[in-house]
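Protein chains: 4
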Amino acid sequence: MMNSTMIIAVIGGEEASDEVDRLAEEVGRELAKRGCTVVCGGGDGVMEAVCRGARAEGGHTIGILPGHNADESPPNQYVEFPIFSGLGYARNSMVALSGQAVIAIDGAYGTLSEIAYALIHDRPLIGLDTWHFAYPGHDAERLVRADSPQDAVEKAIAAAQRRGVP
Amino acid sequence: MMNSTMIIAVIGGEEASDEVDRLAEEVGRELAKRGCTVVCGGGDGVMEAVCRGARAEGGHTIGILPGHNADESPPNQYVEFPIFSGLGYARNSMVALSGQAVIAIDGAYGTLSEIAYALIHDRPLIGLDTWHFAYPGHDAERLVRADSPQDAVEKAIAAAQRRGVP
Amino acid sequence: MMNSTMIIAVIGGEEASDEVDRLAEEVGRELAKRGCTVVCGGGDGVMEAVCRGARAEGGHTIGILPGHNADESPPNQYVEFPIFSGLGYARNSMVALSGQAVIAIDGAYGTLSEIAYALIHDRPLIGLDTWHFAYPGHDAERLVRADSPQDAVEKAIAAAQRRGVP
Amino acid sequence: MMNSTMIIAVIGGEEASDEVDRLAEEVGRELAKRGCTVVCGGGDGVMEAVCRGARAEGGHTIGILPGHNADESPPNQYVEFPIFSGLGYARNSMVALSGQAVIAIDGAYGTLSEIAYALIHDRPLIGLDTWHFAYPGHDAERLVRADSPQDAVEKAIAAAQRRGVP
Numbered sequence: 000m001m002n003s004t005m006i007i008a009v010i011g012g013e014e015a016s017d018e019v020d021r022l023a024e025e026v027g028r029e030l031a032k033r034g035c036t037v038v039c040g041g042g043d044g045v046m047e048a049v050c051r052g053a054r055a056e057g058g059h060t061i062g063i064l065p066g067h068n069a070d071e072s073p074p075n076q077y078v079e080f081p082i083f084s085g086l087g088y089a090r091n092s093m094v095a096l097s098g099q100a101v102i103a104i105d106g107a108y109g110t111l112s113e114i115a116y117a118l119i120h121d122r123p124l125i126g127l128d129t130w131h132f133a134y135p136g137h138d139a140e141r142l143v144r145a146d147s148p149q150d151a152v153e154k155a156i157a158a159a160q161r162r163g164v165p
Numbered sequence: 000m001m002n003s004t005m006i007i008a009v010i011g012g013e014e015a016s017d018e019v020d021r022l023a024e025e026v027g028r029e030l031a032k033r034g035c036t037v038v039c040g041g042g043d044g045v046m047e048a049v050c051r052g053a054r055a056e057g058g059h060t061i062g063i064l065p066g067h068n069a070d071e072s073p074p075n076q077y078v079e080f081p082i083f084s085g086l087g088y089a090r091n092s093m094v095a096l097s098g099q100a101v102i103a104i105d106g107a108y109g110t111l112s113e114i115a116y117a118l119i120h121d122r123p124l125i126g127l128d129t130w131h132f133a134y135p136g137h138d139a140e141r142l143v144r145a146d147s148p149q150d151a152v153e154k155a156i157a158a159a160q161r162r163g164v165p
Numbered sequence: 000m001m002n003s004t005m006i007i008a009v010i011g012g013e014e015a016s017d018e019v020d021r022l023a024e025e026v027g028r029e030l031a032k033r034g035c036t037v038v039c040g041g042g043d044g045v046m047e048a049v050c051r052g053a054r055a056e057g058g059h060t061i062g063i064l065p066g067h068n069a070d071e072s073p074p075n076q077y078v079e080f081p082i083f084s085g086l087g088y089a090r091n092s093m094v095a096l097s098g099q100a101v102i103a104i105d106g107a108y109g110t111l112s113e114i115a116y117a118l119i120h121d122r123p124l125i126g127l128d129t130w131h132f133a134y135p136g137h138d139a140e141r142l143v144r145a146d147s148p149q150d151a152v153e154k155a156i157a158a159a160q161r162r163g164v165p
Numbered sequence: 000m001m002n003s004t005m006i007i008a009v010i011g012g013e014e015a016s017d018e019v020d021r022l023a024e025e026v027g028r029e030l031a032k033r034g035c036t037v038v039c040g041g042g043d044g045v046m047e048a049v050c051r052g053a054r055a056e057g058g059h060t061i062g063i064l065p066g067h068n069a070d071e072s073p074p075n076q077y078v079e080f081p082i083f084s085g086l087g088y089a090r091n092s093m094v095a096l097s098g099q100a101v102i103a104i105d106g107a108y109g110t111l112s113e114i115a116y117a118l119i120h121d122r123p124l125i126g127l128d129t130w131h132f133a134y135p136g137h138d139a140e141r142l143v144r145a146d147s148p149q150d151a152v153e154k155a156i157a158a159a160q161r162r163g164v165p
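Chains as they are written, first to last, in numbering that gives the first Met the number 0: chain R, 0 to 165; chain B, 0 to 165; chain H, 0 to 165; chain C, 0 to 165.
Bear in mind the hints are in silico, worked out from the structure with no lab data behind them.
All of these numbers come straight from a predicted model, not from anything done at the bench.
Possibly wrong hints are sitting among the right ones.
[As the list claims (entries may be wrong)] Calculated pairs, SDA-like style, for lysine to any residue (alpha carbon to alpha carbon, straight line, at most 25 Å):
| id | chain 1 | residue 1 | chain 2 | residue 2 |
| --- | --- | --- | --- | --- |
| 1 | H | Lys32 | B | Ser147 |
| 2 | H | Lys32 | B | Gln149 |
| 3 | C | Lys32 | R | Asp150 |
| 4 | R | Lys32 | C | Arg162 |
| 5 | B | Lys32 | H | Arg54 |
| 6 | B | Lys32 | H | Gly57 |
| 7 | C | Lys32 | R | Gly136 |
| 8 | C | Lys32 | R | Gln149 |
| 9 | R | Lys32 | C | Thr4 |
| 10 | R | Lys32 | C | Arg54 |
| 11 | H | Lys32 | B | Glu140 |
| 12 | B | Lys32 | H | Thr4 |
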């Protein structure tokens, strides 16, 4: 790919506390400041906050929605490029696949599925205040914990650069 | 649905220790003895063992494979009805959706994604020696732990009966 | 695959005239008499008629539904094994992929997409009173026309046997 | 949606004659000149030509690829935002769904499936030298024929404006 743009997936739930909203918006801002495009599920909560932050800094935002159209799946107002998958939550694998790295923030069961897909498909995975999971024989440390939005973005970009294009 | 057959999804990894293989085969046997059909991912490991057990007791087995055909995704030899999805691991959501209850045995990251889908789509979920996961605000006890194959099957059938058809 | 069962996909629309219903039911009967399992989209119209015919002769029927559950996508009452894809009409590719041959009967735009998928994925394709389509450089004769349900079933089985497992 | 950008899907085959390549590039140029973003399958042939034309005029291009990563599905070099679906050709429905209108140029069986999806999901559909198809009871004129790239783009934009956001 000749494209210079790095695309980072941000995953998280449709509901966000004020604190989680602030973290996600800051992740969006930091990604855009560094020239990254955000891909996410295009909905509310963490998805809206990260898009809001990215757009505030002039970044591009792509939302891969579950429904067939904007009536069924309204994109949040900060999604620049809505993709209507019509696949329901089966679209979660695509969100993880479309990032050169994946940042998980908070999240519900959908986020847990996207974490699993990032691990299945070997995408670098950074967690900011998100799920814990464990099973013998599987290295839970493949999810690298970050302690701030800046730290999450720096770790995601560094991991994506080490890995190259997806 | 007029169909009297109960369909139970069994999820687990492509590799299985002897002990896990034994558990999965026994789950298959118990499901078939009670007249249930098994749906799974159709591959090796836990999937093969559960199909082997079910077929040994005369049960039906459906395998939803990731690939487009048997060359790309060979079904294990105990899959009676192979469904070729061509969707890769995005087919995981369908495995969970197609069971009136879901039994998770052991498992890797694919299993973690299927656990998440069972929770997203509100399927009763029984765990037999499988992933632990936790996040504040989400009730990890929605995965009900079983302590034997018999216990897992009894809990799955009871939950499916309480819930009705999916 | 050790499985002796041949699986044939039957595609067609959710609405069927009396004449089309009769053709589809007869295709289902003929498939079951010859020991074949039917896979289809699980809905009404042609899908219901082919399942009705197959079940009347003791055959197995698998329906790959668009929705997440029976409330959203009620399987017709002759579907023995409902698979809930949750993928909407994106599930059409799976219906074509899961047959060792594909029989198209009548049909609307969904059927046209399934015809295209049978051609994309190189499944033998038999048409019984269905779409015509043409474009220079593409051999429309890859859809083999049949003139009766018996003829359609014989051509489908012969083509599947020549080709082997999918 | 507050987004002012109109997204138009362009569908066509992985191989293109010189003449088809010229038509597709011109469609891309005309879309970009009018401020539209192109969504396509991200591959070679018509997809590459339409992206090349759009990028030459400063337009945005989104490619929804069949594979899991750039090794498996290299995006053409004019795709600005690659989305890796991992769904194989089942991704075709998403390409049609993600356009406020769909322009079909030339094309093989994949294009025929995308034409069917545009009709299933009621997207305005413009054809430039593409498939013919017919079946009693289905109005083939829902595919509006254009006689030049300019005509195709004008008809697509006008239809999308009449219809509103997807």
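inquiry  = For C/Lys32 and R/Gln149, compute the direct alpha-carbon distance and say whether it is at most 25 Å.
reply    = Given pair C/Lys32, R/Gln149 is violated - Cα atoms ~38 Å apart, limit 25 Å.
message = Checking one constraint from the list: CA of B/Lys32 to CA of H/Arg54, max 25 Å. Satisfied?
response = holds, 23 Å
task = Would you mind confirming whether the straight-line C-alpha gap from H/Lys32 to B/Gln149 stays at or under 25 Å?
result = violated, 38 Å
message = Check the hint pairing B/Lys32 with H/Gly57 against an upper bound of 25 Å on the C-alpha distance.
response = holds, 22 Å
message = What's the verdict on R/Lys32 and C/Thr4, does the C-alpha distance respect the 25 Å limit or exceed it?
response = holds, 22 Å
task = Compare the distance between the alpha carbons of C/Lys32 and R/Asp150 with 25 Å, and conclude whether the hinted pair is satisfied.
result = violated, 40 Å
task = Below or equal to 25 Å on CA atoms is what counts here, so check H/Lys32 against B/Glu140.
result = violated, 48 Å
key: Given pair status - C/Arg162, R/Lys32, alpha carbons within 25 Å   = Given pair R/Lys32, C/Arg162 is violated - Cα atoms ~36 Å apart, limit 25 Å.
task = With a cut-off of 25 Å on the C-alpha distance, tell me whether B/Lys32 and H/Thr4 pass.
result = holds, 22 Å
query = For the pair supplied as a hint, H/Lys32 and B/Ser147, is the alpha-carbon distance within the 25 Å limit?
reply = violated, 42 Å
query = Going straight from one Cα to the other, do C/Lys32 and R/Gly136 come out at no more than 25 Å?
reply = Given pair C/Lys32, R/Gly136 is violated - Cα atoms ~55 Å apart, limit 25 Å.
query = Straight-line Cα separation of R/Lys32 and C/Arg54 no greater than 25 Å?
reply = holds, 23 Å
In the structure shown, a violation is registered for the earlier hints numbered 1, 2, 3, 4, 7, 8 and 11, in ascending order.
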